[in-house]
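Student: Chain order of the listed sequences is A and B.
Numbering of the first sequence is given in the numbering used here, commencing with residue 1 and proceeding in unit increments.
Numbering of the second sequence is given in the numbering used here, commencing with residue 1001 and proceeding in unit increments.
Incorrect hints may appear among the rest.
Unchecked claim - 20 Å max Cα-Cα, derived EDC-like pairs, lysine to aspartate or glutamate:
hint: 1; chain 1: A; residue 1: Lys418; chain 2: B; residue 2: Asp1574
hint: 2; chain 1: B; residue 1: Lys1479; chain 2: A; residue 2: Glu296
hint: 3; chain 1: A; residue 1: Lys201; chain 2: B; residue 2: Glu1673
hint: 4; chain 1: B; residue 1: Lys1669; chain 2: A; residue 2: Asp343
hint: 5; chain 1: B; residue 1: Lys1441; chain 2: A; residue 2: Asp374
hint: 6; chain 1: B; residue 1: Lys1599; chain 2: B; residue 2: Asp1574
hint: 7; chain 1: B; residue 1: Lys1675; chain 2: B; residue 2: Asp1642
hint: 8; chain 1: A; residue 1: Lys201; chain 2: B; residue 2: Asp1574
hint: 9; chain 1: B; residue 1: Lys1360; chain 2: A; residue 2: Glu186
In case anyone wonders, no lab produced these hints; they're calculated from the structure.
None of the values given here were measured: they were computed from a predicted structure.
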Amino acid sequence: MNEFLEHGLNQNRRKFLSKMSLGIGGLALGSLVAPGLFQGKTEDELFANVLPHFAPKAKRVIYLFQNGAPSQLDLFDYKPKLQSMHGEDLPASIRMGQRLTGMTANQAKFPLAGTKFNFSQHGQHGAWFSETIPHIASIADDLCIVKSMYTEAINHDPALTFFQTGAQVGNRPSMGSWISYGLGSENKNLPAFCVLLSKGKGNGQGVYSKLWNNGFLDSIHQGVQFTSGEEPVKYLTDPSFIQRDDKRAMLDEIASLNEASYKEIGDPEIVAKIQQYELSYRMQMAVPEITSLQNEPESIVKMYGPDCLVPGTYAANCLLARKLSENGVRFVQLYHQGWDAHDNLPSQLEGQCKDVDQASAALVKDLKQRGLLDETLVIWGGEFGRTNYCQGALAKDNYGRDHHPRCFTIWMAGGGVKPGVHGETDEFGYNINTLPVHVHDFHATVMHLMGVQHEDFTFKHLGRRYRLTDVAGNVINEIIS
Amino acid sequence: MTKSNKLFAFLGNALWVLNPFLVFIVLFKEKLTLHIGMVWMGKFHPLFLHFPIVLSICIGLYLVFISAGKLAKVIEQQVLLTNAFISVLVAITGLFLSKENTYAEDVLTQHQWGGVAIALFSWALVFINNYFVKFQTNKILRIEIGIFLLVLVIVFTHKGAQLTHGEDALSFPKNTISAIDTVAKKVLDSTASIYEKAVQPILLDKCVGCHGPNKVKGNLLLDNKEHILKGGKHGSVLDLSGTSSIIERIHLPLAEEKHMPPDGKPQLTPSEIKILNDWISAGGDFNKKILELEKTDSLYLLANSYQAPVEKIKNKGNAGPDISEYNTNYCNVQYVYPGSSLIEVNFFQGSFYDREQLKKLDKIKEQIVSLNLQTMPLQQEDMAIITGFKQLEKLNLNYTGLNSTSLTSIKTLSKLQSLSIAGIEASVSELSNLVKGSSIKILHIWNTKIKQDQVQLIQSQNKNLVVTVGDNLENEIIKIINPSIEQDSSIIPTHLDIPIKHVVKGTIVRYTLDGTDPDSLTSPIYKKPIRLYNNTVVKTKAFKPGWISSDIVQRNFYKSTIHPDSMVLLQLPDPKYRATGPKTLFDYELGDKNFGNAKWLGYKDANMEMVIGFKKPTAIKEIYFNALVNLGSYIFPIVSIDVMGSMDGKNYTLVSKNNYPGVTDATPKTLNETKGFSCAISKPTPYKFYKLVATNLKKLPNWHPGKGTPAWIFIDEIFLN
């Protein structure tokens, strides 16, 4: 139109850049107002105010792990067919060429072994129990029995690791560590994840700290092992000449040194270390008060069985588990070794049941009578099942069973699970007929009961986000009340 | 350059700073932390905002009605620059203000982005007017842009007015009172209808946010009777012939997409679900009075006790009001889940109980629904505080040391559903008084000394009550565990003290030293460690009144007075079981049944042969072999032991020969025990050397599963006396 206007359009580079620099100044000003913006979110911040994702049904878990894999066919999964076909070969149509362990894969025959024990039905759902576990049978109406569990691993270590960490290789955090990480401890004087070990007389398989490891999570989430004996938590007690005040002063001093080196290096493990010192300082007061079993009333001792006063027994651990749980420990993990009955199963099983039957049932009853069962999830089960055929020589009333990952039974009680029987296996007890539950599904369900949406609960490590259920797992809504 | 030119050049530059700044802070609003000065600046938003409104409207009108060139270009630019500058300032201060106060989220978001749009568009106008040639010539374009500016300003500043003056800021005054007001103002008792008293308050509290006049999701309104009856896009919600979609959706698991209220919104409590469910199932009668229901009807109880939320607690996303100040190492206070307004409280470790902590919770008592005080040393004063927590649904008072009279005040907790009082002494009449007409559904009274038949009495009076008694095992007789002999060594050098321990209090431990079984009357009672001097069998047994006595626990203790000066194995043990050589046999340490523990010498298919030597000729009365028998592991008992003596180590005379009964087909195959094999020397003569030969069975017998294969013997210690 005119030159005056044309002139206005002469936006040259210098003009543009000088104006833009002002804009960048504006942005810089903005970044001063939002100081944390360029740091990125730490994982802790991600979940700090988010978990639980919804109202939890269970606040705490007590996991009674039957290490070595108890025989579902001699405890819960009653198969009269096996008794009537005792000694006959496992039909190929049932096995369908599925893999076996190296221990029986080369057997010329797979003679079916019917259980030696008598079964009877209990509770309003008519669940079957063998005569070896009368106490557990007596709480049938509180139990959610899952007969259709299955896993992918066929040997103890990978199967155990799979159950505990959601992966067969051992570099992931344990279930309890995930819970500790996501939900924290209710009682600040106790770790959120405690581990108790006991050993039966049956053929045992190892337990090792890898199973309660924190994996890539902060080491504060590692399971703390309570041992039998005078000192339940190792290295917790100070020598007698150290006064509590001195200890406090010492910890303060160490903490200030640690803080200084954290500022310098920035390693989060240093912070974890400070937290651990503080936790152990508080535990020094809390643990003796909580682990003392002497003051339990006589009726409690009778309920768990007098063994509960002998430190290191399964019964004592069950009682201790209740005490830890009612004191706010999120995840109490028990392991009872000795279920790996490749031979002499009947006698080994009887011995194991004698160890665990009464105390397992007592734990559920004890929680119930205190009004705590509805918020505490009790889980009882092994890492896989056992075969319906005999390993080694089959006698009339003696047999052994090999590992069987394709179906097995676990039970849960309290904590928002619906009592009843879930799933069904075929009449040979070899494959699952209805409602299979994979280990990932089990994890997803437990997480759900704790108020955690398993798909949204992740931790970024080595460039990818991990979760307990890996990339699978469905919540089994049918067993949630 | 004139002064005013300088000023506008400055404004132009300032816009380059302020607009990016605005965009930046609006994008990262959640992360902002405001300096106190900014908070103060925020307060000027309501003051400044009127300038750009007026200016923008003037500019808009100018563009629409007045053609280009009426005002000098310089003037136009100056007005536009001023407008853009004030607009961006207002937008920035507005953002600051919004960080400080809480406003309705939806309207705020619209107003905020509208404000940003106005600021940016005002800035854009400066350039459009300056550089865009068409804008100067095209009348239509000017009018369009003018109208756009007017609409932008009017719509989004009105949103701001709604924020400060309410949603009906400029709407025509109504002369009807809204449903929400009616309910809030009426005081309702059981003469009210179920709908008025309970159902409508629940709907208003939890549903109307999305199914109300402000937001109509699924074309469904739940704010009054007519709208509820009308239903939504899926039809009636009270349809009793099929299933009511309300009933269906409130019962779905939270994870389901169709679950109502949706995940993240405040959820219905179990009693609210029950009220809605029961009311709809009973026909969804809007007029039925609470009084018309049976007094024992759960709907009566629930509806009658239902209280509309006293104060709506504001929920801003995940962050409820901070309650960390109430948390200590011994008291955990937390929301049921993030986003919930309900709080649960757990106290831990009675020895650290502090009443002040409980008092502190008074401030949030309207939100506390669950309180766990088990094992806290509570007194009447604590109870007075607890009964002030009127919203409590769950209360745990197990083993709190309260007495039953202090429990009576629990009755005033009208929402209480679950009560645990294990370990508190209370009589039946006190308990039935407590639950009579109360809202308690579950009562845990384990260990309150109430008997099973008395429970039935309480239960018969309260149909909806579940009473958990737990096991009463007082009269059950069970076996007491074994005492334990706490002495690791089994060897008596000159003497040895034997402590015996039992973990159950009040247990009497008796023992014998003569091999007889202890009995409950005559055997000595264990008081202090027993001192042994000679080979002794200690048998002990625990007794306790009301319990079956324990098994007998037996331990053998061996005197070992002579220690050889030298020892040589003539026959070497199996390489796997050679422990630390011959000295293992005289180290005063017994191996247990775990024969792989390097305390045992194992011989496969061979006899054990050794020579022991003394510096001075020594007479031996008895030689005692401690060996293992474990049939399952092919370890068989020693068949015979020969002892020979010599003074020169070359010529030996037989001084003792002993054969031992073996095991037979009748022996249990699982036999696994340590066993002693004793050789008495009838005429003890001093010798310098003794040769010891323990014979192995060599071949397993036919009845054994490993028949024909070599047998083992295992020896861990040899005692000389």
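Student: Between A/Lys201 and B/Glu1673, does the CA-CA distance stay at or below 20 Å?
Tutor: Holds, at about 15 Å.
Student: Quick one, are B/Lys1360 and A/Glu186 close enough, alpha carbons at most 20 Å?
Tutor: 19 Å, holds
Student: For the pair supplied as a hint, B/Lys1675 and B/Asp1642, is the alpha-carbon distance within the 20 Å limit?
Tutor: Measuring from Cα to Cα gives roughly 17 Å; hence the hint holds.
Student: Hinted pair, alpha-carbon criterion (20 Å max): A/Lys201, B/Asp1574. Please report holds or violated.
Tutor: 27 Å, violated
Student: Holds or violated: B/Lys1479 with A/Glu296, Cα cutoff 20 Å?
Tutor: The given pair, whose Cα atoms are some 17 Å apart, holds under the 20 Å limit.
Student: Is B/Lys1599 within 20 Å of B/Asp1574, Cα to Cα?
Tutor: Given pair B/Lys1599, B/Asp1574 holds - Cα atoms ~13 Å apart, limit 20 Å.
Student: Against the 20 Å threshold, does the CA-CA distance of B/Lys1441 and A/Asp374 hold or violate the hint?
Tutor: 14 Å, holds
Student: Check the hint pairing A/Lys418 with B/Asp1574 against an upper bound of 20 Å on the C-alpha distance.
Tutor: Given pair A/Lys418, B/Asp1574 is violated - Cα atoms ~58 Å apart, limit 20 Å.
Student: Taken at face value, is the distance from the CA of A/Asp343 to the CA of B/Lys1669 at most 20 Å?
Tutor: It holds: about 14 Å lies between the C-alpha atoms, which stays within 20 Å.
Of the numbered hints listed earlier, those contradicted by the structure are 1 and 8.
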